[in-house]
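Model the full assembly from the supplied sequences, consistent with the hints where possible.
With the first letter of the sequence shown counted as 1, position 319 gets the number 321 in the numbering used here; the numbers rise by one all the way through.
To be clear, the hints were calculated from the coordinates, so they are not data collected in a lab.
With a cut-off of at most 20 Å between alpha-carbon atoms, the simulated SDA-like pairs for lysine to any residue come out as follows: (1) LYS223 x ARG395; (2) LYS161 x ALA189; (3) LYS161 x GLU135; (4) LYS161 x ARG171; (5) LYS223 x ARG389; (6) LYS223 x THR304; (7) LYS161 x SER187; (8) LYS223 x GLY306; (9) LYS161 x MET325; (10) LYS161 x GLN356; (11) LYS223 x GLU307; (12) LYS161 x LEU172; (13) LYS223 x ALA285; (14) LYS223 x GLU213; (15) LYS161 x PRO326; (16) LYS223 x LEU305; (17) LYS223 x THR292; (18) LYS161 x PHE349; (19) LYS161 x GLU353; (20) LYS223 x ARG286; (21) LYS223 x ALA393; (22) LYS161 x GLY328; (23) LYS223 x ALA233; (24) LYS161 x ALA196; (25) LYS223 x ALA384; (26) LYS223 x ASP383; (27) LYS223 x GLU392; (28) LYS161 x ALA191; (29) LYS223 x SER288.
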Amino acid sequence: MNVRSLYTIALRLAVPFAILRLWWRGRREPGYRRHVAERFGRYALPATRQAIWVHAVSVGEARAAAPLVQALAREFPGRPILVTCMTSAGRETLAQVYGESALTTYLPYDLPGAVRRFLDHFQPSLGVLMETELWPNLLAACRIRGIPVLLANARMSEKSARGYARWQRLTRPAFHCLAAVCAQSEADADRLIALGASDVTVTGSLKFDVEPEPALLAAGKAFRESLGVRAVLLLASTREAEESLLLEQLPQGFGALVMIVPRHPARFDEVARLLQVRGMRVARRSLGETPVASHDAYLGDTLGEMPFYYAACDVAVIGGSFMPLGGQNLIEACAAGAPVVLGPSVFNFAEATQRALEAGAAVQVADAVEAMRAACALLADAERCARMGEAGRRLVSAHRGATQRHMAVARRLVARDSRVLPTPRAPG
3 MNVRSLYTIA LRLAVPFAIL RLWWRGRREP GYRRHVAERF GRYALPATRQ AIWVHAVSVG
63 EARAAAPLVQ ALAREFPGRP ILVTCMTSAG RETLAQVYGE SALTTYLPYD LPGAVRRFLD
123 HFQPSLGVLM ETELWPNLLA ACRIRGIPVL LANARMSEKS ARGYARWQRL TRPAFHCLAA
183 VCAQSEADAD RLIALGASDV TVTGSLKFDV EPEPALLAAG KAFRESLGVR AVLLLASTRE
243 AEESLLLEQL PQGFGALVMI VPRHPARFDE VARLLQVRGM RVARRSLGET PVASHDAYLG
303 DTLGEMPFYY AACDVAVIGG SFMPLGGQNL IEACAAGAPV VLGPSVFNFA EATQRALEAG
363 AAVQVADAVE AMRAACALLA DAERCARMGE AGRRLVSAHR GATQRHMAVA RRLVARDSRV
423 LPTPRAPG
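Here's what the structure looks like:
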């Protein structure tokens, strides 16, 4: 029995627990209790032929994929565009970003039967997996059917590479099944090649190509102007426990408005309660509330509005970087011209972080104490903030073009003759 067969048995044994987990998560995010049949390859959507299929696991990938999805739709106008995800928030984001321009659904669990039904129903002519999504049974089935699969915007941190290497008898054949890889950086490319990927091209990050929505930028600027001389400190994409860490470091008599945008929608109410327990008067964007002088905090509890929040702030402290989580997307902040403060954990955005630091668009600190110290210093230095904001905009502009480089690879894959290829065998 090969390793992939053992993996499949383990997945089948895990199915009851997966269903329970969907129900459990559905207490806070009802979307997890809907469309469950899709996770097993059963769809109410109409069947398609020669679909261009893009998989974006959650919110960040869904937004990063937008320039590529739009370019694929222009390049292959006669083919349906299918975008899949795995999370409830990701599905909401797909609806916001793509509307009626694409079919959207959950990707099935990596069970052979579910994968077969998915491929039979949509019959993709090209698969595009965003960033680090590798599913052994899905990739093997695509290879057998001659469906080329591109790993797009691929990143591979040292930590993730060590994890994949520990399971190489399962993961190396999966990497071999990829028709091509578009890596964000040379370091990502080297790690992916070492793990078994071939036909690897360094394309840069698609996130530099995501254009902030002008209407949201304008609304954010108008919001900031409405506050007059009062400064705005943004705690962006914060993860669990980070809000407390950062808020505890606010100096006595801090007069700026603290704007907080938690990374996960399921935590919006939790963060609102945290602010109230700390004695802070809170206005919530989802309720249409406008902060006044007596408000201490503004809770950004909406989806798809990060350009608004970045345009509305004077300084942005990026979450996910004060716990060992690898950071969140700082490119959005740079594109909106927000000066950025980062914590120590940025391995998910190592290349972009290095570029932002070198450009003078961001500062990196060791912990939450230093983060608030740096943020307060920036709030008191409008000229430096302006220089950092402009440096961020120039950085993003200089590194655009990943979409065109991805498209060159995609065109080549679609142009290939479809052939049935043997399933790669695990080593040993």
